[in-house]
Amino acid sequence: MGMRRVKILSVAVVGLMLLGAGCKKSPETPPAKAPEAKTPAAKTTPAAPKSAEAAAPIKVGAIFAITGGASFLGAPEQKTAEMLVEQINQAGGIDGHKVILLVKDSGGKSETAVSLAKQLIDEEKVLAIIGPSTSGESMAIKGICQEGKTILLSCAAAENIVDPLASYVFKTPQKDSDAARRIFETAKEKGITKVGVISSSDGFGNAGAAQLAKLAPEYGVTIAIAETYATTETDLTGVLTKLKGQDVQAVINWTVAPAQSLVAKNMKQIGLNVPLFQSHGFGNIKYVQAGGEATNGTIFPCGHLLVAETLPGNDPQKQVLMKYKQDYESRYKEDVSTFGGHAYDALLILAEAVKKAGSVEPEKVRAAIETLRGVVGTGGVFNFSAQDHNGLTKDAFEMLTVKDGKFVVYAK
Amino acid sequence: MNFPQIVQYGLSGITVGSIYAIVAVGFNIIYSTTGIINFAQGEFLIVGAMTAISLHQILPLWLAITLAVIVTTILGGLMEVVFIRPVRNASVLRLIIITIGLSILIREAMLHVWDEQPRYLPYFTGTESSTVGVFGAYISPQVLWVLGTSAVIVAGLTLFFRFTPTGRAMRACADDRMAACLCGINDRWMVTLSFMLSAGIGALAGCVISPVTLTQYDMGAPLAIKGFTVAILGGLGNSMAAVVAGLLLGLLEAFVVSQFASAYKEVVAIVVLLLILVFRPTGLFVRRDIGALRAA
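Protein chains in written order, with the working numbering: chain A, 747 to 1158; chain B, 515 to 810.
Same shape as in the complex, but just chain A (with noise of 0.2 Å):
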């Protein structure tokens, strides 16, 4: 039965899985912004910060998902730092330190971010890394940053990157057990008891998913159903079609895929007319423009950038928000998202750490962290303490809804 067919036919079913594998990976992006000049090593060994080396640049290395299907957080995120790296240079550095940025791009693999971590932490020795953009990156690398010393300020949003903690490691994003309470908390003043979850088998996904069986029996819902996708899918009738056989209440979907437009078109298509909760990972225009009319009223959880305009002149954010939402949209020409924001907010932290600290040195940095209090970012007013290191409370998160393609604050 021509096996010289079948040979051929398995050796390309094995290229075809190898091409599946490897399809994702990407080119390195280049873009470290200042030229990478060799630096006085003195900056980051424990004898270094005498006033002669006071002003030794400052290496900062930053992972971001650029390319791949996390994408849209590591692109805007990588852009914001690159912005900011440049006001915080062109306004005379931190404390006289000027910053080099090191952009890597781990495509959103965590084989990659690994090699990336090893590579700034052994090479560059870089004082403090930003990134990577998704919680399963940032958990690969925990380990890697708290043995090697080097600061950590994950962009990611999963809780167990900061729980259990570790000394080195920070997170900027709101946490998602506060972004379930919200969810929970609206869907119970809807009167739902009774929801299916959906989420995507990445890390954001099931971390998500696990909160929200965690802390649903405290607000008296019931999950009647939970399922996962894959992240590269591109139709959800079926698993919905399971859920509305459950009679669910409302669908919660828990994934920064563009599956959030899918599930979303999808659940009109086959007539599941209840409301859908999405999780923080929605914050991106984006893909209410590719979801269209079908994303109408879809509720989610977000930091207050998206509605900055909105917020009363009072806001402690208000500013901060302006400024980083009017700064972005000229630069890039592209609508801001949050995710850049969770960047815009790593770099601020590290910066006011440098200063309050005044020092370079990795410990000392990374005990002023914990003594920072009201720091005002882009995600909420920061209040880290040596068990927090995240800062944030679940009041930095606001119900959003979405209301003629655009995003607007829910009202109950």
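Only some residues are given here: those of chain B computed to face chain A with a beta carbon under 10 Å:
(1) Thr529
(2) Gln631
(3) Ser643
The hints are simulated quantities; they were obtained by calculation from the structure and are not laboratory data.
Remember, it's a predicted structure, so these values are computed and weren't measured experimentally.
Note that the Cβ used here is the ideal one computed from N, Cα and C, for glycine as well.
Based on these hints, arrange chain B on the given structure of chain A.
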């Protein structure tokens, strides 16, 4: 499960299956003329859809799609002339590897041209939330467009390969390149033509599915994997069977989701692919004896 639910799973399966089928058809054309499996087929879809999306900003939808199909067809032809033809006497396997390389090349080029954002064409009829009711279940009108397009493509291809001199010449090349040459068929152009044809069909497929699946630069490979599975399931080279196999795989996946945790869905295609390769490498719809004859 009540009846409307069963229908709904069925329709969900058809939605996905129609997408698989339309991808699989493209694999078959090149295979039937050259014996090569073109792993850049998924990229043809994305190039076509992306081009149409860009053109649609200034042109009406039908014109944008037509131009996108033409552009992608030319790209397919160029790809053959530049990369495949110079190594024409190489083994089939080497050519397959070349197509894998090309797929990566095209994908990275697309990343630079169209960045990483998901894009989409508008729904051809209705909007994101329009539905057509079938026995108490619902389906998006765009899926009917996908099915209709697959049907037209398959019918057109069948007629082309059976009844036009060019189509017959292409089949003759596949069967026996030497004999075809002796009959005065320009075998080089037949191969180029098959790449152009499958690129054009891929582009059309990419445009039709874009409203449903969205289009992102790196979506080609996952689509190609499913399309390839379906092409093998139906029997390589047989477009009609590919459509049936596509719907079959879609339905199978939908009902697996209905009975098991949906996380298992992705396993289905791979299991099917392995089973077919082990037990029936000629595909479901080819009689064993004929398959053996062809493979010999």
